[in-house]
Each structure stands twice: as structure tokens, then as C-alpha cells.
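S.K.: One-letter residues, chain by chain:
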Amino acid sequence: MAKDILQKPGAFFDQFDRKGGAQKTTHYCPGCGHGNAHKLIAEAIDDMGLQDRAVFVSPVGCSVFAYYYFDMGNIQAAHGRAPAVGTGVKRTRPNSIVISYQGDGDLASIGSAEILHAANRGEQMAVFFINNAIYGMTGGQMAATSLIGQKTTTSPYGRTVENEGYPMQMAEIMATLRAPVFVQRCHLADSKGIMDTRKAVRKAIKNQAEGKGFSFVEILSPCPTGWKMSTHDACEYIKTNMLPIFPAKVFKDESETREPFFREIPTLTDEQVIKALELGMLGEPQPRDEKFLKNFTTMKYKFAGFGGQGVLTAGVILAATAMQENLQVSWIPSYGPEMRGGTANCSVVLSKDPIGSPLVVKPDVLAVMNDPSLDTFENDLKPGGLLIVNSSIIARKTKRTDIDTLYIPLTDIASKMGLTAAANMVLLGAYLEYTKLLPLEHLKLIAPRGLKRKELADKNVEAVEAGAKWVRENITAKKTKAPAPVA
Amino acid sequence: MELIKANEAVVKAAILAGCTQYYGYPITPASEVAMASAKYLPKVGGTFLQAESEVAAINMVYGASGAGARVMTASSGPGISLKQEGVSYMAASELPCVIVDVMRAGPGLGNIWPEQGDWNQVVHGGGHGNYKVIVLTPNCAQEMCDLTILAFELAEKYRTPVYLLTDAYIGQMMEPVNFPKERVKPARKDWALYADADSHKNLVSSIFMSTGGLEEHNIHLQEKYAEIEKNEVRYQEVMVEDADLVMIGYGFISRMLLSVTEILREEGYKVGLLRPITAFPFCSKRLEELAGQGKTFLDVELSNGQMLRDVRLAVGKDATVHFYNRMGGIVPSVEELTNVARGYLK
Ligand SMILES: Cc1ncc(C[n+]2csc(CCOP(=O)(O)OP(=O)(O)O)c2C)c(N)n1
Ligand code: SF4
Chain A
2 MAKDILQKPG AFFDQFDRKG GAQKTTHYCP GCGHGNAHKL IAEAIDDMGL
52 QDRAVFVSPV GCSVFAYYYF DMGNIQAAHG RAPAVGTGVK RTRPNSIVIS
102 YQGDGDLASI GSAEILHAAN RGEQMAVFFI NNAIYGMTGG QMAATSLIGQ
152 KTTTSPYGRT VENEGYPMQM AEIMATLRAP VFVQRCHLAD SKGIMDTRKA
202 VRKAIKNQAE GKGFSFVEIL SPCPTGWKMS THDACEYIKT NMLPIFPAKV
252 FKDESETREP FFREIPTLTD EQVIKALELG MLGEPQPRDE KFLKNFTTMK
302 YKFAGFGGQG VLTAGVILAA TAMQENLQVS WIPSYGPEMR GGTANCSVVL
352 SKDPIGSPLV VKPDVLAVMN DPSLDTFEND LKPGGLLIVN SSIIARKTKR
402 TDIDTLYIPL TDIASKMGLT AAANMVLLGA YLEYTKLLPL EHLKLIAPRG
452 LKRKELADKN VEAVEAGAKW VRENITAKKT KAPAPVA
Chain B
65 MELIKANEAV VKAAILAGCT QYYGYPITPA SEVAMASAKY LPKVGGTFLQ
115 AESEVAAINM VYGASGAGAR VMTASSGPGI SLKQEGVSYM AASELPCVIV
165 DVMRAGPGLG NIWPEQGDWN QVVHGGGHGN YKVIVLTPNC AQEMCDLTIL
215 AFELAEKYRT PVYLLTDAYI GQMMEPVNFP KERVKPARKD WALYADADSH
265 KNLVSSIFMS TGGLEEHNIH LQEKYAEIEK NEVRYQEVMV EDADLVMIGY
315 GFISRMLLSV TEILREEGYK VGLLRPITAF PFCSKRLEEL AGQGKTFLDV
365 ELSNGQMLRD VRLAVGKDAT VHFYNRMGGI VPSVEELTNV ARGYLK
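Just so you know, the protein sequences line up as chains A and B, in that order.
Under the working numbering, the first residue of the first sequence carries the number 2, and numbering increases by one thereafter.
Under the working numbering, the first residue of the second sequence carries the number 65, and numbering increases by one thereafter.
Treat the hints with caution; some may be incorrect.
To give an idea of the interface, some chain B residues facing chain A are shown, with a C-beta separation under 10 Å as derived from the structure [said to hold, decoys possible]:
#, residue
1, Y126
2, S145
3, C204
4, H281
5, L285
6, Q286
Within a straight-line C-alpha distance of at most 30 Å, the following computed DSS-like cross-link-like pairs (lysine-lysine) qualify [to be verified]:
#, chain 1, residue 1, chain 2, residue 2
7, A, K455, A, K470
8, A, K417, A, K470
9, A, K25, A, K250
10, B, K103, A, K445
11, A, K353, A, K455
12, A, K25, A, K276
13, A, K363, B, K410
14, A, K276, A, K253
15, B, K253, A, K276
16, B, K265, A, K9
17, A, K363, A, K417
18, B, K103, B, K334
19, B, K265, A, K207
20, A, K20, B, K253
21, B, K196, B, K334
22, A, K200, A, K276
23, A, K455, B, K381
24, A, K383, A, K455
25, B, K334, A, K20
26, B, K265, A, K20
27, A, K417, A, K445
28, A, K353, B, K334
29, A, K353, B, K196
30, A, K20, A, K253
31, A, K453, B, K103
32, B, K196, A, K383
33, A, K207, B, K253
34, A, K25, B, K245
Worth flagging that the hints you see were computed from the coordinates, not collected in a lab.
Cβ atoms here follow ideal geometry from the backbone N, Cα and C, with glycine treated the same way.
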């Protein structure tokens, strides 16, 4: 075996304390390919001076104990998940050199999704895929890469195409993806194979250090124990049986031409973070007086209409306006089975006390923008409550006689202004002018918030004013007591 | 003060808590957490990555946490089921992270409406092995912020995954939220992998092969959980002192029970509300105390009684515990719950 030509690299521990005792031998079987693959990787890391930056992701399989040997950052992944774990490491520490090392059960079966997607994202990592066509650790079971006819403990009569399909050719699959920069298959069956592997390993690691992207090196590796062969026969088996199915070659190499990419992590000041999070858009509350808050009785609202009429926004704007008075507020859209009658609706509660259920079943104020909304919620309104009907769209009158009703051509007023979508702001303007519950000025302050286009923001304020004007011109006396008058 | 959707409050709070990484797979009703993360994390130099599955996502979280990041993921029932392997690994490797579970109705694909059927798989550990995780149950947007920040602190303090267990309704709500004005700058962890000389000897792993090594690790974990139970129990009480009937509910249900309490108190009934804020550690001692005072309990849940078992265990077999539940995405009305509670007060 050619392993004698290799020196113990510095990125290897001198003795394997993590293995227990002061051992100098690995846990691998004699003739196993893992040891050689380890040494090639450690040597490359060493030679390139990357030891401090290297993070080795060990898989589940015979190489689960790779951290016994590699003197570098180590993280042990769940079976098949090494590329996902490596992704998390690399994204967090772009400066790291991530080595993802996996067997065929790990990579080609249980972790097939993780490897495919890490490759497809072009994660900046080096993946070493030890293909020994068998599950070594768990007792020689069949792998996705086992050969047709190969006898294993779970294919005792030999793998058949009919039962298990064909050996999975991972390097070929990887090479079909656009993102990987370098894909090669090599083997450890003889000195030439080992030297080729050595070069491939170095290229993969160098690519990462140079920000070239995702490299994939498949290494055909002997498992004399699993194959029940001598070391010599195992190496011969690779050459005569595996190589015809798994040709050793470079499938893709764009190492020279690929533009380097290094992920930068900027540092932001607290102010920059607060700004990025769009905090502070409502400004500070401007409460009128304590008496107002003390005398406030809880108000419950339902705004309903069809999508696009802005009923959800109407609720949000009312809630935000009430926050200016330091009121407790809650807003919740119709959701789940409670969505009825093809309408969108939301519940708003304003209170001076902590709000229990934010769901409004029996509102004090019901605003309906279309017919189905009136039909659905008309009977839910509390006796003595206020119903606001968008008379531009709803032709009929309410059957209720125990409530106060305003019929306002909300959509027409908004259209006349040139912004039909602002009917919801007309609604709020009219409501506050009618009830004086909250200052119109606050509403005018809040209504345009969050709107980036100035003309849109102005139109919203105009709509609020138009609603208020309509009430001033058309409603002379209130038919019933308005809810929660200002003290 | 902001008026903000609770699901979005989580993300902004997480960023202010120093979270820089989000890995997740979309699922209703947790997608809003992902979408807000996708919007804001890149703006503050963080990473948002939509993973190929919840399995991959939690393992990316594992990697990021191992590399020392404050990291978060969010999902709902079916996705949480898939994450369990990774959560077990993280608990075992003592890696901090925050997982938001915006519960939907199950089992199976179920539907996307609110339920509380994940209590068992989250509070009692749905993954393999002898582990527990801290579970916080916010019931308003402000708590979605505050408990997110707390979650990151506790996760690091105890080196454990921490769940925010919430539901579709809480997540959808908009309420005022007061955010902190500064971003937390987490200290360097001596166990994490920073890809530098000072950390290159570190090992993140959950495998213990030496004789007795795993037992020792298990004992260490149990001691940690005992410490958490000693220090971190949180709950809220509303008019419990003189109450004959103590209603118990968490998350959205606790909001409805608050309304029920108000209505029944106005009618002159002595009723109160006990709301667990931490599901693990659970307020068992307090419940035991209240049972000792001869109080009767009404446990209300959107599940088949998953929390009820913990309540019964805490109050003992002599206490009377009534139970009312809805399942499959049906949320009871305040009126319905008021009638149920009133029935036990006559
Ligand atoms: C979820 C899960 N399923 C199954 C196992 C058991 N298991 C451990 S290693 C392994 C296969 C190892 O084979 P391979 O990846 O080819 O590595 P090798 O041992 O051959 O190096 C299996 C099935 C596990 N640890 N976790
Ligand atoms: S079982 Fe096979 S892969 Fe595992 S150590 Fe032995 S020879 Fe190597």
C-alpha cells in the first residue's frame, strides 16, 4: 500500500487523545481507504497554511470519528446532513475553510437532498465523497453505489436492477449542475490513484480558499472488511469492478476561469439597524389628556368588504391612530374557518385596559363596503351600535331599527378625487368626524405613513378630509348617541 | 412604539437580539416569519437562506450555531416533525438556537388554522433521547418581541435550543410593540468554531463512545434541566388569589380566557386565569400550591389535552380539573368559553 509514502501532516494530531488513551493508530481497519483520504486532506490543509481556518464536518459512518485525528475546528453532523451543517458554518464564517466529508450512505442516500442543494447553491466548500459501495460502519449493508450483483448483508443474493436500480453515479450527477466549479472522481487503489486523489483534494481546497465555489471529489475507496477481501484484493476490485462503472476522471473544472466570490459581512451601527428595520415610523404618541384615556370605554370594530377595498388597512390605520392616544389596540384579519361569505374583514379593538380576545364577534361599529359584508354581519352589530354602509355599492338599506346607520357614498367620493382605492380613508374620515372619538388631525398624520409615493400620501389625507366634509355637509343631527364621546 | 404583525415582531426582535442567520422552509402559517427574515436580515448584513427542507434547515441552524452565530428558524407542525432529529442533535451538542413554531391544526397535513397540537412534540421533546428544550408561549405581539429576545438569551445561557410556541392567530395579530433601541452584541463563546487560531481546538459533537461517557453527558443535561426548572419558570396570573375556579390556557386561548375572566368577574363570579409563559419549565409548583388551597381548575386548549397531562400531574389526583377543548382549527368563542366556565361556577 502506498500509504507509507505519506508523512503525518501537522493538521493531524500527534496522538489521538479524543480516541481515548494516548493512541497513535486510527480506528480504521487495515487497508481501509479512509485513513489515506484523511491524510491527503490534512496534508493539503497543512501545506496551504489553512489549519486555523479549517472546519471539518464529520459525517455518520466509519469516519464519524474523523475529529479524533484532524487538528482543526471540528463539527459532527447528523447522518447525511454534513453539507447543510457546512452551509451554516460557511455562511456564518465566510473566512472558514469547510471540509465536508461523507460516505456513500451518508451522501448518496440519506443525504442526497442536502448534497444536491449545497452543490446547486454553489456553497463555498470542499466535499470529499468516499465511495466504498457499501455501508462500512453498520455491518456491510448495500449502498446506493453498490454494484449490480454485489453481495452485501442486505443484498445477500446480489444487487439487482429490478429491485434496487443502478449504482448511483454522484460525480456525473454533480457535473450536470451549473454551480459546482470542480468535479472529479479518483481512487485509492494504487499509487497513481492516490497521487491523482492528492491533486484533486488540493485543488478542491485551494478553490475554496480562492473563493471559487463548490468542489466535489469522489474517491473510490477500499473497504476490505465490508467487502470481505484482503487489502490487495480490495484494491484490485476497485480497478477491475468499480472503475468501469465509476470512471476516474475530471468531469468538470472551471477552477481557472471562475470569478472569485467572497461573502462580506458588514458591521452596522445601532442606528443603521433601527433604520433598516423600519422602526419608529409612527412617531411618538401625542395623547390629548389623561381624562380621555380614563373615561374611554372599550370599542370593537369590524371592517368588511371585498379584497382591494382596503378594509384591512382601514382597521390598521384606525388602530395606529388610536395609539396616538396611548390606547391599547389590537387588529386581526379574518383567518381560518371564521372567513365567511367571500369577504375580507378585520377586527379592531381599542381599549384603555389590556385587550383579551382580539376577535370581534359583536362589534360596536360595523363598516361594510359591499353587499355580502352587509348580509353576513348586519345581525352581529350590537344594539345601539353604528353601521356605516358604502352606499356607492350597496343599494339596500339595513333591516335593523335598533342601530344608528350612516349611508355614505364612499367609493364615489374617492373616485371623484381620482383614487377609488382611498374609499377606506374616506370611511375613517367620516367616522371620526361623526363620532369625534379620536382627533381627525391624528388620523391625517397617520393615514399617509408608510406610503412612499408623495402624491399617494397626499391623496390619503385628502380622502380623510373628504369623508369628514361629507359628514359635515350631510349629517345635521345625530340620530342616536354616538359611542364613547370624548369626555 | 410600532403597530406590527406579531410574526414580523419576532424577526425584528431577533435581529435586535443579535440574530444574524435564518434558515427555514416555508409553511403556512409560519411563512411570514421567513418572509420578514428574508426582507430584513440581508439589510443588516445577515443571512437568510431558504433551505431545501426543514431537515436541511435545522442542520444549517446547527452549523451556524456551532460557528457561534445567533440563529433562528421557524416552522409549523409538519415541519417541526421533520426538524426533530436536528433538535435532538442540538440539545445533545448543547447548541443554542431559537425555533419558532407557529402551530397549525393536525395531525397529518390537517389544515392551516390555529391549534395547539404541538405541545407534546415540542414541550416533551419529539426527537430521540433524554433531552428537553426551553419553550416560551407568547400571547401578544409585545411578547413575541420580548420573549424572542429572552429566547436568545436563555438559549446561550443554557446552551440549548429554545422554542417560541405560538399559533396562527397570535402570528396574524397586529398590536403595539415597543422595541429596544439597541442591538445586542453577543459575547464570544469559548466553545464555538470561529475558524481562527483561538477556536481551532473546539469540537461540536453529540457522540460519546467511551464507557460511561454518554451516561455522564446525560446526567449533565438533566442537571441543566433541573437548573432551568429552578430559575426560569414564568407565568401570569389574573385575579387568581380569591378565585374558586382557576382557568388555565396559553397563547391565543389565554387572550380569550382574559375576556372570560372580565365578563364573569363583572357577573360576580370568583374566577381567575393562570397563563403559563414557559411551557418548559412548567409552572407545576404554583399549580400544586393553588390545588393545595382547594381551587378548582378549568384547562382550555386547542388540542386533545396535551397540556392537561402536565396540569394533572402538577395538581395531583385530588384536585378537580375540568377540561374544555376544540380541535381541527376550530377556535371557541368567548361566549362559548364563558358559558363553559359559568357552568362550573354555579
Ligand atoms: C438517521 C440514521 N439512520 C441510520 C443510521 C445508521 N447508520 C450509521 S452509518 C450508516 C451508513 C454508513 O455508510 P457510509 O455512509 O457509506 O459510510 P462508511 O461507514 O461506509 O464509511 C448508517 C445507515 C444513523 N446513524 N442515523
Ligand atoms: S468497515 Fe470498511 S470503511 Fe469502515 S473502517 Fe473498516 S474498511 Fe474502513
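S.K.: Starting from the hint list further up, note which numbers the structure goes against and sort them upward.
M.R.: Hints 2, 4, 5, 6, 9, 11, 12, 14, 17, 18, 21, 22, 23, 24, 25, 29, 30, 32, 34 are the ones this structure does not satisfy, whereas the remaining hints hold.
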